Amino acid sequence: MTIPHFTTRIGLLSLGLLPVVPAVVAAVAPVAVAAPATKLSPDVHQALVGGRYNQVQQLLTDALKGRKISPDSPQVLHEAMLLELIRTTGADVMSTFAASHPKKASFLCALAQDSEWLELYLSCGLVPYRTDVGLDVLFRIWMEEKMDVRHKGLAVALASAWGGGETDPEPRRLTRNPSLFNPVWRYKFFVKNAAAGRLHPNFKNLRPWELRFVVGTPWQDWDDKSFEWALDNINVPWDQYGNACWAATYTDPSKFGDTVQGGMYNLPYSDLSQAETCHRNGGVCGAMSHLGCVAAQAHGIPAYTVGQPGHCAYAVRTERGKWVGGFGGPDGGMHNRIFGNQAPTSYLLMETVFADDAAIQRAYRYSFCARALEATGDRNGAIAAWQQALQHSPLHPFFRTALSKQLRSAGITPNQVYDYLAKAIPLYKGNGFSAVNMAADFDKEIAAMSNEQRAALYALMHAEIAATPASWAVKCEDIIRNQSDSLTTPAAKEQFLASVFAAHMNAEDPTTFGQILEWAVSTYIANGQVELFSRAFSKAAAQSTPGTADDDKAKKMVAAYNKAIIAAEQARSAPAFRSLTEAAVKLVGPWKNPVALKSSIPGKVQTAAMFRISSTCNWDTPVRHIDITTPTGGKCHTAKEEKPYMIVELPAHGYVSGAVVRKTDGNEMRMKKATLYTSEDGATWKPRATTDNMPKEWVAAFPDGTRAKWVKVEFDNSGHPDFAHISHFVIYSK
Amino acid sequence: MYNHMKNVFLSALLAPAAVLTVQAANLSFPDVEAAKAQADATGKPVLIVWYGPDWQPDVDTFCRSWEKLAKQHGGTYVFGQYADKLGQEGGTRNKVLPIEHFNLPAVVMLAPDGSFMAEFSGDQVRQPGAQLMQSTARLASEAPRFARLVQIARSSEGGKAVENAAAALSLLPIKDAMRQKELTGIINRHDPQDKSGYRAQFCLDHLGMYSEINGILKGGKEGELSGRARKFDEAEAYVRRVLNSKTLKGKERRQQWLAGLAYVIRERILSTTTPENRDISPLLAALDEVVKLDPESQYGKGAAKFRHYWDPTTFNTITSGYYTRGDQTLGFEKDWHVDVTKSISGPGTYTFTLEPVEKGRMDSRNFRLAVNGKVVSTAKIPADTNTKTVELEVPAVPEGAKVEVWLTARCYDGWMEASGYIRMEKK
Chain A
92 MTIPHFTTRI
102 GLLSLGLLPV
112 VPAVVAAVAP
122 VAVAAPATKL
132 SPDVHQALVG
142 GRYNQVQQLL
152 TDALKGRKIS
162 PDSPQVLHEA
172 MLLELIRTTG
182 ADVMSTFAAS
192 HPKKASFLCA
202 LAQDSEWLEL
212 YLSCGLVPYR
222 TDVGLDVLFR
232 IWMEEKMDVR
242 HKGLAVALAS
252 AWGGGETDPE
262 PRRLTRNPSL
272 FNPVWRYKFF
282 VKNAAAGRLH
292 PNFKNLRPWE
302 LRFVVGTPWQ
312 DWDDKSFEWA
322 LDNINVPWDQ
332 YGNACWAATY
342 TDPSKFGDTV
352 QGGMYNLPYS
362 DLSQAETCHR
372 NGGVCGAMSH
382 LGCVAAQAHG
392 IPAYTVGQPG
402 HCAYAVRTER
412 GKWVGGFGGP
422 DGGMHNRIFG
432 NQAPTSYLLM
442 ETVFADDAAI
452 QRAYRYSFCA
462 RALEATGDRN
472 GAIAAWQQAL
482 QHSPLHPFFR
492 TALSKQLRSA
502 GITPNQVYDY
512 LAKAIPLYKG
522 NGFSAVNMAA
532 DFDKEIAAMS
542 NEQRAALYAL
552 MHAEIAATPA
562 SWAVKCEDII
572 RNQSDSLTTP
582 AAKEQFLASV
592 FAAHMNAEDP
602 TTFGQILEWA
612 VSTYIANGQV
622 ELFSRAFSKA
632 AAQSTPGTAD
642 DDKAKKMVAA
652 YNKAIIAAEQ
662 ARSAPAFRSL
672 TEAAVKLVGP
682 WKNPVALKSS
692 IPGKVQTAAM
702 FRISSTCNWD
712 TPVRHIDITT
722 PTGGKCHTAK
732 EEKPYMIVEL
742 PAHGYVSGAV
752 VRKTDGNEMR
762 MKKATLYTSE
772 DGATWKPRAT
782 TDNMPKEWVA
792 AFPDGTRAKW
802 VKVEFDNSGH
812 PDFAHISHFV
822 IYSK
Chain B
16 MYNHMKNVFL
26 SALLAPAAVL
36 TVQAANLSFP
46 DVEAAKAQAD
56 ATGKPVLIVW
66 YGPDWQPDVD
76 TFCRSWEKLA
86 KQHGGTYVFG
96 QYADKLGQEG
106 GTRNKVLPIE
116 HFNLPAVVML
126 APDGSFMAEF
136 SGDQVRQPGA
146 QLMQSTARLA
156 SEAPRFARLV
166 QIARSSEGGK
176 AVENAAAALS
186 LLPIKDAMRQ
196 KELTGIINRH
206 DPQDKSGYRA
216 QFCLDHLGMY
226 SEINGILKGG
236 KEGELSGRAR
246 KFDEAEAYVR
256 RVLNSKTLKG
266 KERRQQWLAG
276 LAYVIRERIL
286 STTTPENRDI
296 SPLLAALDEV
306 VKLDPESQYG
316 KGAAKFRHYW
326 DPTTFNTITS
336 GYYTRGDQTL
346 GFEKDWHVDV
356 TKSISGPGTY
366 TFTLEPVEKG
376 RMDSRNFRLA
386 VNGKVVSTAK
396 IPADTNTKTV
406 ELEVPAVPEG
416 AKVEVWLTAR
426 CYDGWMEASG
436 YIRMEKK
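In the order they appear, the protein sequences are chains A and B. First residue of the first sequence: 92, per the working numbering; consecutive thereafter. First residue of the second sequence: 16, per the working numbering; consecutive thereafter.
Honestly, the hints are just simulated from the structure, not real lab data. Heads up, a few of these hints could be off.
Which bits of chain A does chain B cover? Going by a derived footprint, with three or more residues having C-beta under 8 Å, they are [to be verified]:
id, stretch
1, 333 to 345
2, 348 to 355
3, 358 to 368
4, 768 to 782
Given the structure is predicted, the values throughout are model-derived calculations rather than measurements. Backbone N, C-alpha and C fix where the C-beta goes; we use that ideal spot for every residue, glycine too.
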């Protein structure tokens, strides 16, 4: 399909839109250097001293109007950053803070005039928004340090962790006991222990956004004393903190008999730190994951706890970009995060955005200029500055959102959005799900595009998603459902489905493919659109070049197919069952463990259209279900049931003479009482043979003239649910 | 300032992606397998030094100390090492060492036949010297006997196997004895009904003990009795039988089973009484016994906390300006004494407020002002009014006097998450 180009570069430029692609060029390659000393104007200084931040804001805005706003001018940059501090904190909030104590006013004055500190604070990922919590943390550290903060990066990390950011759930209200969760205490703890050489050697190199994951968030992570206890009492090789949760014993009930679900569990040690309590008293996944997390953090290693369905886990960052799971992490809902809370999407994006210190610094500087240009009313200038910021950090979601707001207010058209997204999405290498989130800023414009444009954008997104690390925690169903729903014709939907299958079928990790298969089976096959599904799947499968059966990827692929085959069976779709089985067999090869039947019934073996099982379990092998209907056999395994059964569906109605059912090897004591049924409509079943003690190989001849399209074997475990597992269910005709 | 900032960025730029390590320092001792072979040949016990040559702070000093110690005691022990280095596959340590430990450095003591005997950690290992060697000396002298008993237990059946396994375990510190999976397995296998009493002594940690107790309470392992229908008398009889057994030895083991007794008594009281008609004294007596055995032990401190919690005559003292879960009592009332001395700036009317910040239902009433432990005024509302804020009249108080607000509180939330700020402000 040709991707239509509806807009031209000139069209984009008329809106002040430059293509947002990474800066390739060495000539503008950013270098991480500090700006030279700058000085605020006497008027601004006077307003600062007076704590009049509305006035400071106005003075700065007026002063910047008409000037060239560029990060290359240290003076302008300083003024833009101060303006950004006031915008994000709120001029009234700052004025009130300054008025509450003369020393607070002095602190704000010092911060405002310190462009290095401002830049660190405003570049740490999450900047406290409409609150004085972050400033109060900095103020307290400033006081502790006698007005000369030595470790500004650490200080702003604490301010960010305590104050949250615009997207945090509870940024303005800290609910923890301040005597147990004290940012100044933590500042001193890390400074002292770094100096003593007790922290990970890389601690001193961590940037503020990374330090957020070391100092912990007060509403999730453990109390101050836990850091001290963990530093003294959990010491393993730096790269082993993913196992440190096991420093406590998995215990329920407690030493005094209390269940972890009750309030008494930790009572006997409630005056100790949370870490020591857990160590003494034990815990389950929640407490133990926090223990592993705080053990890493206490040693200067970034870590976070993570919520999972019915479980808690954690993650540690052994080196930049590499998060390692503890207790089943790192995926799930991150309790400490910068861009969204869904791991791995969230941390992958974060690591990409902040990977290059110099580039992200340059990007932030452009973002401060963009905000200043917005403040002065220069929308086109702001758009250009946001684009510059994104040239240096193309995936920064806050910058993207800020730019999209400006573009929409400038009246960007759907065609222009198409061009913008077509260039932006391919930049999201390894961050495909974030590309989808980014594009959501333009939902309305996408809805107004043609089917072809939408499908083309979706194809770009799925190309990136397929190249993105997959996880059980990241669900693709909603994405694909929304995308499919947005396409208005069956042909477009079919084409879309084929392109999605093709994109994901050969993905490095087939987890997402499995999700898509399940969605497609339940959406199309279960709703009578088998042909559409089969055509799309066949088209994609024809292009597929699967790996070998013994590599990890192939195993995952087969697992995905197995789920889809079961779904096809449940949907009673023979075409889908066949298509999926054939595609899976390409991966695993023919059945390697054939068992020749010792018995048979005179006549011809009937080729089955499909095979269906009453339930499945971990021991089941759906890819081998179809083989069960052949003399060489296959494998199937139900869950524990009172009456498990298997059904063979024949291609057409006909006369059947009997069946041979064979148990799999092992556990033959199961499956004693059995009955064979036939049916002409798949709903009304006639018993044809029964046994109270089924032999290993049961040969059952049907009465003459038995006509059927379906044959069922059912086992009777009444009162004692049990498994059923057979290797053969072969139907014969005369 | 800007030079400092340059340094910040430069160090970030220069930081390699991989994990940095400290300077590696190694011990000259043989590895675990070689040390065990030497022990087998010489009949000496082994001390395996388990440490981190490429990550442990002060590893140079550490290694020097151990080299020196090994020279002094090489006649008594075989010294071996397990260098827990960076980059090892997970689980490697479990294949080499008989135990897991998460606070390195540590020392693992093995009998001459390679059987695990004990583990040492903490400052005595970090700065090894006389204290550690005194701890190891007694065990070292018993090491040959321990190895013999282990061999007999392994090759015996029935009571003989149990007696020898127990005799071997009796030679070890109880914390190490209970980690001896092979020997405790022998006892469990040959004496499942615990006729010897050694299961209770060596095999049932608190999880095992509560499994047994709860099994009895609910009428058997598959039983479904609950609430007041549970078999409290049978469970108490079982625990008391263990406590009266001659084989139950050591304060810690006794404390564990006394905690089990307290649990049975508490469950009976809570299931069969209401807060108004409750006699808590049998529970307090059981907890007192736990504390009395060793107030400084984990069980002792925990039991003391529980005793305070359940005792209706005690009160919670709050000094931090914040109340939290540790101050809560679930389903019954307890008094709080809140220190507000720092908030008093002279006589007058003050507003005392409990400002909740976390969910969790809590009733609070009966607000009083106390100076140096004596009530001097009460809030001008009925004592049974449930409220979070009251006005209190503060009289002139002498210099250095302790001013408190006393109140009565009760929490209803199972997780006891009622918490928040406490404010005392002059009107």
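Tested hints:
Only residues whose C-beta sits within less than 8 Å of a C-beta in chain B count toward coverage, and the stretch 333 to 345 of chain A has 8 of them, enough to reach three; the restraint holds. For the stretch 348 to 355 of chain A, the assignment as covered by chain B holds, since 5 residues bring a beta-carbon within under 8 Å of that chain's beta-carbons and 3 suffice. Using a Cβ-Cβ cut-off of 8 Å, 5 residues of the stretch 358 to 368 of chain A lie near chain B, which meets the minimum of three, so the contact claim holds. With 0 residues carrying a beta carbon less than 8 Å from a beta carbon of chain B, the stretch 768 to 782 of chain A misses the three-residue requirement, and the given coverage is violated.
The structure fails hint 4 only (numbered hints given earlier).
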